Amino acid sequence: MVYLDHASAMPVDPRVLAFARRYLEEEFGNPSSLYDRGLSTRRAVEAARGEVAALVNTGDPRSIVFTGSATESNNLAIRGTALRNRRKGKKILVSAIEHISVMNPAKDLQKQGFELEFIPVDRYGIVDLTALEAGLTPETILVSVNYANDEIGTVEPIREVGRVVHEAGAYLHVNATAAAGRIPIDLQQEDGIDLLTLSGNDLGGPRGAAALYIRPGVKVQSVMPGGGQERGLRSGTENVFAIAGMGEAARLAAREMADEMEREQAIRDRLIREVLEIEEAGLTGHPTERLPHHASFRFSRIEGESILLNLDTFFDIQVATGSACTSRTLEPSHVLLAIGLTHEQAHGSVVMTLGRSNTVADVRYVADAMRETVGRLRGISPL
Amino acid sequence: MEDRPQIGYSKRVMDHFMNPRNVGEVEDADGVGLVGNPVCGDLMQVTIKVEDDVITDIKFKTFGCGSAIATASMVTELAMGKHLDEALTITRQDVANELEGLPPVKMHCSNLAADALHEAIEDYQKKKKKEAEVAA
Ligand code: FES
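Order-wise, the sequence lines are chains A and B. Following the working numbering, the numbering of the first sequence begins with 1 at its first residue and continues without gaps. Following the working numbering, the numbering of the second sequence begins with 1 at its first residue and continues without gaps.
Calculated directly from the structure, the hints in this document are not laboratory data. Just so we're clear, the structure is a prediction, and the values are computed from it rather than from any experiment. All C-beta atoms, glycine included, are put in the ideal place defined by N, C-alpha and C. Misleading hints may appear alongside valid ones.
Stated by the list, open to error - To list a few chain A residues with every Cβ distance to chain B over 12 Å, as calculated: (1) L17; (2) P61; (3) G89; (4) T130; (5) R231; (6) S235; (7) I278; (8) P287; (9) A346; (10) D362.
As the list claims (entries may be wrong) - Calculated Cβ distances over 10 Å to all of chain A for the following chain B residues: (11) D42; (12) M44; (13) K61; (14) G66; (15) K82; (16) D85; (17) L88; (18) H108; (19) D123; (20) K130; (21) E131.
Unchecked claim - A short, non-exhaustive set of chain B residues, derived as facing chain A with CB atoms under 10 Å: (22) G24; (23) N37; (24) T62; (25) G81; (26) A135.
Please take these sequences and the hints and turn them into a complete structure.
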């Protein structure tokens, strides 16, 4: 098996599981309980908060709020910030390549009377700073731009984005789900970021925990009222197992990211080189400003789902695609359309995201499998 | 089986995807059907050879997903050797049934296969009518 879909799901690091499983087994107490069983899980949650805060260098760990998923963090960031600040203004700007869990809450707000505008990107997926500047009005309260895009790997010039947004007096939310643990993020340096989404599973932790960094002083309201956990911003008994796992995964990432990403990038670079030797194959996303573990392509005249199936059944290789045929709505990926691909071009998209299990030996195997797959499917294609 | 939602493709779909029958274009086709999928933007081509109103050869080409390839392959199997009248009655439901079901979101692909077949037959019938008119 060559698993190349780490952006969709990461295997839990065995060290993380070994560390966190005690919070499913003996240490099952509710962190809000005052007896010892509770206090020990409270300590575990706070330790995890410290590790997650350290990974992105927030300074104050209390700026980290744990949630149940990156989708939830994005909802809290978009809806919670917009609703809390609606007296200041009602305009929201969102880049055209944001994840659906940013897009949909923003569209939801639009239905509730907020003004929503999409910021275009260039053909590599870099946000158009001039358009951003033009879109910012005194009415604008929130801008959301991803740190890096999970479908095309492009890393945004976040510092410049932050500068422009802050000059206009708006808040900047950054979805760092794909970027965290892959490239260094330093919130003390990148002081233009007000809210930042992090996912536990994307760091190698279990699903069920994610976080939202909220810069001290930024006003956000809860979108999940209840018992008032997480400083009242995210009610619900903490998923201690997943949170502790996310903390441990963050600790390991902080320690090992530089070496591991250098290793994965070397494999990725070779993979891109070999795959691009296939006829009528192209890279999607930015050639250099991209996540180190990320390779994304398009192949003309064939469709992504059949590529995915072919790689899986004949070669036991797992990849992702942005083709319309695989989406619930049967629409091509909005990211691929935003970088200017036609529907037909978006059809043949393939996304490969590397992880710890991948080795240099995979490169030749995957490139050969890709070549055979493309050849077979083009043989069936009428185009 | 009917009341459980289908997860992934059936064995028969995967069989037809992995070993599609009748791929290609028949030479000197008597009828050609080329239809685009309005839903997801795919393309399906069916070419037929006809003798005495019987389909003696049929081939397909598809630019589409796994189920588009499998349904096209299945449609060619169902139509091969059939009288045109009979082939015209093949529906998307027949194709889906023969494939032991399709995920609901993929039913439209089987539409495409049946439509391409029907269009190929109509194309043949139109041509024949024209020939008859010219002869008369
Ligand atoms: S051809 Fe697009 S979903 Fe089947």
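Status of each hint after checking the structure:
Consistency note on A:L17: stated as away from chain B, and its beta-carbon is indeed over 12 Å from all of that chain's, at 27 Å minimum. For A:P61, the requirement that its beta carbon stay farther than 12 Å from each beta carbon of chain B is met, with the minimum near 41 Å. Annotated as non-interface, A:G89 keeps its C-beta farther than 12 Å from every C-beta of chain B; the closest such distance is 39 Å. The non-interface label for A:T130 is consistent with chain B: the shortest C-beta to C-beta separation is roughly 32 Å, beyond 12 Å.
No Cβ of chain B approaches the Cβ of A:R231 within 12 Å, the least distance being about 40 Å, so the stated non-interface status holds. For A:S235, the shortest C-beta to C-beta distance to chain B comes to about 32 Å, beyond the 12 Å cut-off, and the non-interface label holds. Distance check for A:I278 against chain B: the nearest CB is about 17 Å away, which clears 12 Å, and the non-interface claim stands. No Cβ of chain B comes within 12 Å of the Cβ of A:P287; the nearest lies about 27 Å off, and the non-interface call holds.
With a least CB separation of 9 Å from chain B, A:A346 falls inside the 12 Å interface cut-off, contrary to its annotation. The beta carbon of A:D362 sits about 23 Å from the closest Cβ of chain B, which is more than 12 Å, so the claim that it is off the interface holds. The Cβ of B:D42 sits about 7 Å from the closest Cβ of chain A, inside the 10 Å cut-off, so the non-interface label is violated. A beta-carbon of chain A comes within 10 Å of the beta-carbon of B:M44; the shortest separation is about 8 Å.
For B:K61, the shortest C-beta to C-beta distance to chain A comes to about 4 Å, within the 10 Å cut-off, and the non-interface label is violated. For B:G66, the condition that its CB be more than 10 Å from all CB atoms of chain A is violated, with the nearest at approximately 4 Å. Listed as a non-interface residue, B:K82 keeps its Cβ farther than 10 Å from every Cβ of chain A; the least gap is roughly 23 Å. Distance check on B:D85: its Cβ is at least 27 Å (rounded) from any Cβ of chain A, clearing the 10 Å threshold; non-interface status holds.
No beta-carbon of chain A comes within 10 Å of the beta-carbon of B:L88; the shortest separation is about 22 Å. The beta carbon of B:H108 sits about 8 Å from the closest Cβ of chain A, which is not more than 10 Å, so the claim that it is off the interface is violated. Consistency note on B:D123: stated as away from chain A, and its beta-carbon is indeed over 10 Å from all of that chain's, at 15 Å minimum. Listed as outside the interface, B:K130 is consistent with that label: its C-beta sits roughly 25 Å from the nearest C-beta of chain A, beyond the 10 Å cut-off.
Distance check for B:E131 against chain A: the nearest CB is about 26 Å away, which clears 10 Å, and the non-interface claim stands. Residue-level restraint check for B:G24 holds (minimum Cβ-Cβ distance to chain A is 8 Å; threshold 10 Å). At a threshold of 10 Å, the smallest CB-CB gap from B:N37 to chain A is about 9 Å, leaving the interface hint in force. Interface restraint check for B:T62: the shortest CB-CB distance to chain A comes to about 6 Å, inside 10 Å, so the restraint holds.
Contact between B:G81 and chain A, as hinted, is not supported at the beta carbon level, the nearest pair being about 22 Å apart and thus beyond 10 Å. Of the supplied interface hints, the one on B:A135 is violated, with its beta-carbon coming no nearer than about 32 Å to a beta-carbon of chain A, more than 10 Å.
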